[in-house]
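S.K.: Sequence:
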Amino acid sequence: MKWLTDLEKILIEIGKSPEKKFINEQEKQQEWEKVLIEDEKRLDDWMQKIEKWFES
Numbered sequence: 001m002k003w004l005t006d007l008e009k010i011l012i013e014i015g016k017s018p019e020k021k022f023i024n025e026q027e028k029q030q031e032w033e034k035v036l037i038e039d040e041k042r043l044d045d046w047m048q049k050i051e052k053w054f055e056s
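Counting along the sequence shown from 1, when you hit position 26 you're at 26 in full-length UniProt numbering, and nothing is skipped either side.
These are calculated hints, taken from the structure and not from any lab test. Remember, it's a predicted structure, so these values are computed and weren't measured experimentally. Built from N, CA and C at the ideal position, the CB exists for glycine as well. There is no bait here: all hints are sound.
Straight-line C-alpha distance at most 27 Å; calculated DSSO-like pairs for lysine-lysine: (1) K21 to K9; (2) K52 to K41; (3) K2 to K16; (4) K34 to K49; (5) K28 to K41; (6) K9 to K20; (7) K21 to K34; (8) K28 to K16; (9) K20 to K34.
Using C-beta positions, here's what the derived DEER-type ranges look like: (10) F54 to E33: 29 to 37 Å; (11) F54 to W32: 29 to 37 Å; (12) S17 to Q48: 42 to 50 Å; (13) I10 to W32: 28 to 36 Å; (14) Q29 to E8: 30 to 38 Å; (15) K20 to I50: 39 to 47 Å; (16) D44 to T5: 57 to 65 Å; (17) K16 to E55: 52 to 60 Å.
Could you build all of it, start to finish, from the sequences and the hints given here?
M.R.: Take a look at the structure:
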């Protein structure tokens, strides 16, 4: 019956993998969202500077 316990361990590990993968993908998405928000802020600042430059 050792093969049955080994099979059970393998199935448990397979079941854990999608959860870990989903968590990792979610973390990566949050990091990208932070980067995009920062880039949008920088772009807005840059556009305001250009606007002020043209006004003067």
